[in-house]
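Chain by chain, the residues run as shown.
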Amino acid sequence: MSMVFNLEKVSVSFERYSVKQRSLKYSVGRLLRNTNNSHFQALNDINLKIEQGENIGLIGRNGAGKSTLLRVLTRVISPQKGKIFINDQLHLVPLLELGIGFHPDLTGRENCYLAGLLMGYSRTVMEEKMEDIIRFSELAEFIDEPVKTYSSGMYARLAFAIATDVRPEVLLVDEVFSVGDEFFIRKCILRMQKLMKAGTTTVFVSHNLDFLVTHCNRLIWLDQGRVVMDGEPTEVALSYRAQQGHF
Amino acid sequence: MLALHFIWYYTLSHLKLKYRYTSLGVVWNFLEPALYLGILSLVFSVVNRMNIQDYVVFLFSALIPWRYLERAVNTASESIVTGDWLLKKMYVSPFVFPVIRWLVAGVEYLFSLIILIFFLLLFKEQWTSHLWIVPLAFIPWAILSLGLGMIGAVLYTFFRDIRQIIQLGLIIIFFTSPILFKPEIFQTASLQARILQWNPVTYYAALFQKPVYYLSWPAATDWIVTIGLSLIIFILGASLIYRYRGRFYFYL
Chain F
1 MSMVFNLEKV SVSFERYSVK QRSLKYSVGR LLRNTNNSHF QALNDINLKI EQGENIGLIG
61 RNGAGKSTLL RVLTRVISPQ KGKIFINDQL HLVPLLELGI GFHPDLTGRE NCYLAGLLMG
121 YSRTVMEEKM EDIIRFSELA EFIDEPVKTY SSGMYARLAF AIATDVRPEV LLVDEVFSVG
181 DEFFIRKCIL RMQKLMKAGT TTVFVSHNLD FLVTHCNRLI WLDQGRVVMD GEPTEVALSY
241 RAQQGHF
Chain L
1 MLALHFIWYY TLSHLKLKYR YTSLGVVWNF LEPALYLGIL SLVFSVVNRM NIQDYVVFLF
61 SALIPWRYLE RAVNTASESI VTGDWLLKKM YVSPFVFPVI RWLVAGVEYL FSLIILIFFL
121 LLFKEQWTSH LWIVPLAFIP WAILSLGLGM IGAVLYTFFR DIRQIIQLGL IIIFFTSPIL
181 FKPEIFQTAS LQARILQWNP VTYYAALFQK PVYYLSWPAA TDWIVTIGLS LIIFILGASL
241 IYRYRGRFYF YL
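Line by line, the protein sequences are chains F and L. First residue of the first sequence: 1, per the working numbering; consecutive thereafter. First residue of the second sequence: 1, per the working numbering; consecutive thereafter.
Check the hints yourself; a few may be wrong.
Claimed, not checked - Pairs of lysine-lysine residues, derived as DSSO-like cross-links and limited to a Cα-Cα distance of at most 27 Å, are as follows:
hint : chain 1 : residue 1 : chain 2 : residue 2
1    : L       : K210      : F       : K148
2    : L       : K16       : F       : K9
3    : F       : K197      : F       : K187
4    : L       : K88       : F       : K129
5    : F       : K83       : L       : K88
6    : F       : K129      : L       : K16
7    : F       : K129      : F       : K81
8    : F       : K49       : L       : K88
9    : L       : K16       : F       : K148
10   : L       : K18       : F       : K148
11   : F       : K81       : L       : K88
12   : F       : K9        : F       : K25
What the hints assert, rightly or not - One-sided and incomplete, this derived list gives chain F residues near chain L with beta-carbon spacing under 8 Å:
hint : residue
13   : L48
14   : T74
15   : R75
16   : V76
17   : S78
18   : I100
19   : P104
20   : L106
21   : K148
22   : Q243
In short, the hints are calculated from the structure, not lab data. Glycine included, C-beta positions come from ideal geometry on N, C-alpha and C.
Start from the sequences, fold in the hints, and give me the full structure.
If you want it as structure tokens, here you go:
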């Protein structure tokens, strides 16, 4: 099995956001006084190896660093500290916050081509897949409308359809099941299962612990930017629930 | 290869989007520069008390590339910040954003070039072979625009105040360059003449004004100053983006 990700001592911190910090006056003042903004440590010394074919679930409370870790794996965020290896040979598809970079003014179809090109698939390939994507996302009537007119459910359906139709080798998913009706979620799960069976490496961020325990073969529990536990899903879920007081 | 396809497809989408909701659509690409140039030539020929026919040829020769530079720099400066819809969701090289805006401005420039040719056909009396140098004269302008656009994009991401400063800077440079008025109207040793001499845009303008209006070839100094400066600015812009590429996310 080949390595997909290897993170060594990866740390990410965010400057605490405030409106005044964006102004030139504040920046010059800060420079003169030689002070720094306060920081929020989103990831702290993370060591993580992910092999091809693994199906991983990331769990933790809000603000634990799950989404930041997923963004590091997609290279959307470059960590300030640590080393990171990402296998470039594999087709990696991210599905962050229910989207894959849709331009709000472009139509669903145009966004489909654009996202395809970004994920490494030519327009011809996307044209071939278009019918399937439309059918799966149930957006036949709306595919030529601008994405900004879509409801959050429609948006998520289109993103999920594109991300999974291209048969990625690595799929990173952040909370995909939080919108969409029950029927569509079931459809999504079936498709995920198919992809996993076919050997797609997956990393899920979800608060749906039952889904993760049933579908993943490894669970990672994050808290305050650190890995608390990493291992067999039932064991990790048990400890997580116990700590959260749900047991 | 696919990155190039992406840039191309996104540039086309941008151009389509611009006029998607207008009734006249693509006609605006011609109409807008034609109206702008028409009004400007009328007003300034009166202000400068010049023969309108002569003045239009002089003014348009350098104003067309200047408008291109202005458009490219202003839109490229905002490109990384307005690219957040993508930069927050997928990995994409930040170079892509200013390059796309620069290409869009380039296509718009081609449209205004057609208008320029139309006006020249109307007003220009003498046609000489010097005009063949014009496509080459555009190269230093293009490199400069991309370089400035990249610098602006990095600065604007970190300091949002910079947009107004860039616009102000462009206005100052424009009004201290010989695009609107001929340098001959000032005495050689006067302050105005000296300002013109030190404004690098004078050399950029010469690349267009000499073949189109003065019916001569641009001087070696014009080429050396413009190509040299453009390359320096371009390298500076590209290295700024490269250096700060990992930090943009935190400022979007």
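How the hints compare with the structure:
1. L:K210 with F:K148: violated, 49 Å
2. L:K16 with F:K9: violated, 46 Å
3. F:K197 with F:K187: holds, 16 Å
4. L:K88 with F:K129: Holds, at about 25 Å.
5. F:K83 with L:K88: holds, 21 Å
6. F:K129 with L:K16: holds, 24 Å
7. F:K129 with F:K81: Since the Cα atoms of K129 of chain F and K81 of chain F sit roughly 40 Å apart, the hinted pair is violated (cutoff 27 Å).
8. F:K49 with L:K88: This hinted pair holds, its Cα atoms lying about 24 Å apart.
9. L:K16 with F:K148: holds, 16 Å
10. L:K18 with F:K148: Between K18 of chain L and K148 of chain F the Cα gap is close to 16 Å, so the pair holds against 27 Å.
11. F:K81 with L:K88: holds, 20 Å
12. F:K9 with F:K25: violated, 35 Å
13. L48: Constraint on L48 of chain F not satisfied, violated at 18 Å.
14. T74: holds, 6 Å
15. R75: Status holds, d = 4 Å.
16. V76: Holds - the Cβ of V76 of chain F comes within 8 Å of chain L, reaching about 6 Å at its closest.
17. S78: holds, 3 Å
18. I100: holds, 6 Å
19. P104: holds, 7 Å
20. L106: holds, 6 Å
21. K148: violated, 10 Å
22. Q243: Since the shortest Cβ distance to chain L is 31 Å, the answer is violated.
In summary, the numbered hints that this structure violates are 1, 2, 7, 12, 13, 21 and 22.
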